[in-house]
Every structure is written in structure tokens, then in C-alpha cells.
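So you can see what is in the structure, the chains are spelled out below.
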Amino acid sequence: MQIAEPLVKVESLVKRYKPSAAGVHRESVAAVDGVSLSIFAGKTLALVGESGSGKSTLAFCIASMERPTSGRIWLDGIELTALGDRELRAVRPKIQLIFQDPAAAMNPRWTALQIVAEPMVIQNQIARSEQFDRAQILLERVGLSASTGSRRLAEFSGGQRQRLAIARALALDPKLLILDEAFSSLDCSVQAQMVNLLGELQDSTGITCLFITHDLAMAALIADQIAVMDRGRIVESGEPTEIVLHPMQKYTRALLAASPRMDQTPAARDS
Amino acid sequence: MRYFLKRLSHAIFLLLGVSILSFIFTSLAPGNYFDEMRLNPQISPDTVTALRAHYGVDRPIVVRYARWLASVAHGDLGFSFAYNTPAAPLLWTRAWNTLLLTSTATLLSWLIALPLGIWSAERKGRAADVAITSVTGFLLAIPDLLLALGLLILAVRTGWFPTGGMFSVGSESLSWFGTVRDLISHMTLPVTALVLGALPLLVRHIRSAMSEVLGSGFLHAAQAHGIPRRTILYRYALPAAAHPLISLFGFSIGALLSGSLIVEVVMSWPGLGPLLLEAILSRDLYLVIGGVMLSTVFLVAGNFIADLLLYWADPRIRTS
Amino acid sequence: MPTVLEVRDLRVGYQDSRANITPALEGVSFVLRAGEILGVLGESGCGKSTLASSLLRLLAQGGHLTGGSVQFEGREIFNESESELRRIRGARIALIFQEASLALHPTMRVGEQVANVLAAHSTSDRRARLDAARKVLEEVFSSDTERIFSSYPHQLSGGQRQRVLIAQAIACNPAILIADEPTASLDTTTQAEILSLFAKLRQRHGMAIILITHNPAILAQLADRILVLYAGRVVEEGSASELLGSPRHPYVQALFRAMADSPEQALALHGKKLPAIQGRAPDLSARIVGCAFEPRCGERMEQCVQREPMIVTTEENHSVACFKYGG
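Chains as they are written, first to last, in the numbering used here: chain A, 1 to 271; chain B, 1001 to 1320; chain C, 2001 to 2327.
Only true hints are included.
With a straight-line cut-off of 25 angstroms between C-alpha atoms, the simulated DSS-like cross-links for lysine-lysine are:
hint: 1; chain 1: A; residue 1: LYS175; chain 2: C; residue 2: LYS2272
hint: 2; chain 1: C; residue 1: LYS2272; chain 2: A; residue 2: LYS43
hint: 3; chain 1: B; residue 1: LYS1006; chain 2: A; residue 2: LYS18
hint: 4; chain 1: C; residue 1: LYS2273; chain 2: A; residue 2: LYS43
hint: 5; chain 1: A; residue 1: LYS9; chain 2: A; residue 2: LYS94
hint: 6; chain 1: A; residue 1: LYS43; chain 2: A; residue 2: LYS94
hint: 7; chain 1: A; residue 1: LYS175; chain 2: C; residue 2: LYS2273
Facing chain B, from chain C, some residues (calculated, C-beta under 10 angstroms):
hint: 8; residue: GLU2082
hint: 9; residue: SER2083
hint: 10; residue: ALA2094
hint: 11; residue: ILE2096
hint: 12; residue: SER2101
hint: 13; residue: LEU2102
hint: 14; residue: MET2108
hint: 15; residue: ASN2116
hint: 16; residue: ALA2120
hint: 17; residue: TYR2152
hint: 18; residue: ILE2178
Think of the hints as simulated: they come from the structure by calculation, not from any bench.
Computed from a predicted model, the values in this text were never measured in an experiment.
Glycine included, every Cβ here is placed at the ideal spot set by N, Cα and C.
Please work from the sequences and hints to get the whole structure.
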């Protein structure tokens, strides 16, 4: 049996930031400190860690929004870290990022259709009329009814805005979707809807996902693989069952212990 | 410390730039002091030529600039042709008078504008706010010159205030207290004109800066902690709005300074304004440049003070 | 346990520029007993933040009391004068906001901000207040208090800022602490630390805490009793173990079903479609006839559209507003 090449491959990635001018940090700070990982096509990797662990910096590097200090990144066989700025610009639409607060990157005066069509308008590779037809299809695919196309941002709830962001991210047929704490500020019931939506999209489009979260339960729910990140390094990675049931590292165990649980017994509460 | 040095070097560059520009502009302007002299039949052409050589006016601009810089280093600021003395002593007394007028006007307009702006922001949309907004809107539309002339007419008609100069005739014999009172009564009119000119812009900016801050979460939180309204307004909201207000302070010094040059001329206040006007009309080259330079120094100093205040008020600048 | 706060049929609405009133709370009633932790569970738009601010009569612009009452220590909050209320706020009832980065003054030292709360409610001199502020900070921070005391908010981490907010809230030793989503923007481990701090404070000071959140798992850790809000109404109330263990209302049941109880349980749900509640909470600007949850409910009956169910007690320490239980 031939082993498939991963869609995303990261090899000994390091990202250092220059010390600040005031000289508080004498040495440069490594936000990402030698990370290697692979994500196979159609699969989801969850990157779990706390704020400051470097998970967002890693995402920015993979999305080619930041140049790594050293290390290599491949997407679909292309070595991103070897590309020049012009070539990178052509590849970048293949990777889409979705953040916790999608509204920040949306024009509040535009309609939902305009927002979703924006990437297609910028790329301008398909006809104008088709752009809006496709935007309409995308809206429906993320579970927003056809009538919502003419509404503006203020009329959408948090969950609906996140759906809108996903529709827009899908507009250019990306290979990789990076969700950076994308569901973290949503209500529990809306989170469940979004988890289902993501599953459906993966089934229908075969898109690959990098899911960044601080919530281990959410990671266990969604991911095929979990990588636990602490202070710029991946300290442990494996299948969700291994990570959740047999954590090897102290840090992973601490994360698990801190996860809020519904099944807490009153005895445990009162102690 | 780096911050100060950076600001200081900016200021020095700015002053150099302004001095070069004013040299270029004054030399580009047609005619000079000696052209006027030539028209005078009582002065022989030889005398004029000799004078030109004496003052170095016939030399190329670069040489003149270098000489001027040297004279600045001596504290002379060049030489006044008309007064036949170094420009500096002439300028200093006048500059001092201008400084007195502008700083009084700055202080007074801020003392009035600050509570008014805060009060207006707190009552946004209510009657008091609407009244303040309309009055400032009306004042904003009147040019400084018109305002000064109007006040002058009012003063002449009523005779409430002296309409010119800095001291009354014979004020030398007054007591210390009497002198101050005399000075204040002479200052009233020009200061009023300046304050009325500066006020609308200040009130409006303070109002908008404050109303932006008044919606902040930390003020809401302070209210939830039971912190009294006055404390919230003056100890919490005002420092939070300090950033734009301090920048506005630096700008207001410049605006008041340029306003005061006009008001001084209209109200015959013996400041830089009338001197500069006179110097420009008689093409008294170095006096013009010296006057411009001094105004620029005030302006730069005002902004430098604003920067220092900003540094003092915002720990985020200090610690980053 | 004596009652410290009694909320009866509280109704609050927001008036827009065209004088239409959109209700946010539609008849909320509960009692808070001294020293207990009451969890208020609700999703965005259910009125939980409005509830927090109405208890201090600190409604956002356009907010009005349209009915009901809030009784604190025998006094009616909505009848007190503004100056009386100021003396209650922060001193007797304290509020902890969700976003610590927004609730702290950006250019004031943290110690000063704690001391200012003390200054608002005492006449002691400045030095005494600063010393007292130091003591309060020592209570919420295990170490490094001196550095934190003289720090500005931007120099602190999210968890540290949240602790400062807690310090401000407990500075005057209030009878009631209201915390509105106090851990929503924090990491899992920091969240756990903050929650155990709440437990410690309750134990030490005996203050009653109202913990408002959208996350039932947080309440599982801390709450004695839970109140569930939906569309500005109380749909279920009960002891924490009762309500979390065997929820009655279809909304609460569906909500719990849609989420993983723990990372371990999440593994079991992996790859399966979650039984999410479809649709979204109703728009409160339109008048709701019948049960507010009816359009999304899987067990709707004929009477659900006709009138609103009453809240009825099903067993000791448990009451529900649903016709299934005779509401």
C-alpha cells in the first residue's frame, strides 16, 4: 500500500520575533520553536494550547502571512517557504483563515452576498454574474437561507456571522481551512451547530482543517489528530483517544484536569 | 530618555528647516530695505552700496545664511536695518509681551473649555449640549479678525476697557498692585478676542473626545463600584481622553499664537505682531526672519510640552 | 439561610429611538440566600447581562424597569435615590464584568484602582486605603502582589486582570458578588483557577455569588443552585445537582445533549452528528404568544402556541415552566 503524502507538512519551523526597542527582552523571543507536523488531505488536526503558546503564530506561518525564521512548510507538494512574494500571492487563496471575531474583517455596510462574493471579486477569475450566483450557493451550503443574502452584518447573530465567514472562506475553493478559536466565543448550542456544519462541509468538499482551540473537549469532538502546544513546542500529539485517555505529558494532564466537566459530582465540588 | 532626545532632535530639525525656508522666501520676495532707501533723494547711491556691503546683503544667500547662523549662536538673531541695532533685544521685549498674551489666553480658554466640553459631553443630546453646540458653531463661523474688530468697537462705544497698548500713560507712578491692575485691564480685550476665537474648536474637540470615552467599559465598571460621578468624570474619564486632548493642547498653542499676531495688530498690543507687520512692510529682512523664528520656537516649545505631558499621562508610551 | 436578595417578576425593556420598547426580561423571579452560589445559565440574548445590571439599577442607555421589584436587605433597589444606590454599588452589591481588559482604566495603576473603590465607600486617608488595597490584592494573588499593585493593566495577563476585577469587587466585603461571564475570555487552566478563587472567597467571606454564564460545565463546578434563562424568562430552576443531573425543560435537555460533558465523552461523540438545537432564540422585539421555546421544541403540544406556561414546582428544589409538567 502506498502511503499518501500529507497535504500540509511543516518541518522544524521556528519563528522568532525581534526584541522590542525598549530593550526589555534582550534576546529574541521564539514564538514557535521547532515545530514539525503533518495534516493529511480531508483530515482535521486540532492544535490545542493556551494563549501565548504560539499556536496562532504557527497558523500565520502556515497561511504564509508571516515568514518563518527557519524551517520549511509544504502545501500540496509545493514548498511555500521557498516561494517569492509574487508566487506566494498566487498560492495564498488556497489557505483560508477564520478568526474568533469574523465581523472585524467584514464591511458592515455590505450585504451578506457582497461579503461572500468579495474574494471572487478581488480575484476576478470568473464572470461577475457567476460570482453572485456562486455566493448564493455558498450561503446555502453553510446553512443560511437564500433570503439572508440581502441582509447586512448587524442583522446576523454571532453564529450566523461565523457561517458567513466560512462561506466567504470557501469562495476560492481552498485546500486548507484554518479555524483560530473560531467557535470559542459562541454559545454551546451554536457551537454544536457549527461542529455539525464543519463535519458536513468536510464530507462534501473534502477540505482539510487546522482547528486551533484551547478547549480539549472541542478538539476531541472534531479532530482526527490532536497536537498539544506549549511555549512554542508541540509537547504531545496523537489520536484524540490517546491524548484524552492516556496523556503522556504533564502539561496535557493539566489541561485535561482544568477542562470544565458537567459530570462533576457534588462531592468533588464541595471539597 | 530616548523619547526626549528623539523629540528634541525633531524640534531642532524643524527650526533649521523653518529658518532655511524663511531665508529662501524673503530673498525670493521682490525688493528689499535698500531699494526703498534708494528712492530717498537725501541718501546718496554710494551710501546705499556701502550699507549693503556692510550688512552683507550683496553676498550670496548661502553666505548670508551662514552669517545669520553665526549671529544666532551669539544670541543676536541678525541685525535690524530700520532700528540699526541687533534684532534680538527688539524681539525679546516684544516676544515677552506676546508670550504673556498667548499663555494667558491658552490658560483661560482651557480652563473654560474643559468643564464646558465635559459638561456638554455628559449631557449629549440634551438642551444644555444643544445650546453649547450651537453657540460654539456660531463662534466658529466668525473669523478672528472680525471678532477682534467687533470687540474693539464695543470697547470704544462703552469705554469699559482701554483699547490699545499695554499700560496707561503715567502708569509708572502706580503701585505694584496698581500696575498689575492696569495691565489686566489692558489685557482684557485682546485676551477675550483670543479666547473667544479658540474656545469653539476646543469645546468641540473636548466634547467629542470625552463622549467617546464616556461609553467605555471601565467607566461603567467604575459606576458599578459606586465611585462618585465627579471622580468618574475628572479622575477617570478625563485622563483616558488625555491623548487627543494633549495633542489638541499643542495645536491650540500654535493657533492662539497665530491668532494673537492678528489681534495684537488690531488692538495695538506691543507684541511680535505689530513689529513683524512693520518689519515686513519696510523689508527689514532679519527682523522678519527673527520674528518668524521666535514664533516657531514658541510653537515647537508648545508641542514639546504637549509631548512631555503625553509621556507623563500615558504609561503605555513610557513602558513600551 | 436568610434571604439577601429577592427579585420578583422583574421586567426590563430597552427603548429605541422611535420609542418602541423591546423587552429583555419578561418576569424573572428568584431569591438569593446569604452565602449561596446561584448560577444563571443562558445563551446570548437571553437577558442575562440585563439581569446583572438591573440588580444594581445600572441599565444601559434606553433601559427601563417596566415592572416587578428587586429587594435588597429589605430595600427596593428601584425606589432608592441615586446617592443611596451609589453607596450600595460596590460596597454591598459588587459586579464583576466579563472583559477585564475593558473594565480596567488603561492609564491608572492597578493598586490605585482597587484603592479608589475603597475611597468611594470610606473616609480613611490615602495611605490607609493603599494599604488596604494591597491586602485585598494579596487575597486574590498568591504571589507577586507588590509588582501587580504598581502595574498598569496592559502589563498584566488576562487572568491577572480578572483577579484585579475580583479584588475591586471584594474590596468592601459586599453581601453579594455578581459575576457576568467572568471566565469567557480566559484559557482553560486560568478559568479553573478563577473558579476555585470564587469558591475560596465564598468560604472565607460568606458572600452570596451570582455566577452568570452560558457554559453549564462552569456551573457544575461551582453553583449550589441554577436558574436557566431563555428569551428573558426563567424556564427552569433547581439545585445544581438536580438540574444538571436530570434537567426537565425540553430546552435545557436539548442544550445538555448538544454538548460534550467532558473531553472523554467528546470522544464518544466524535464523528457523529451532534443533536444540536435548530434555529435561534426568538426575536424579542416581536410579541411572543405561547411558549418562547415552542418553535424550536421537539416536544411541542397544541397548548404551547396558545399561552405561556407557568413555572411550577415538580419536586423539592426544582421547578420548570413547561406544559409537560402541568405549567
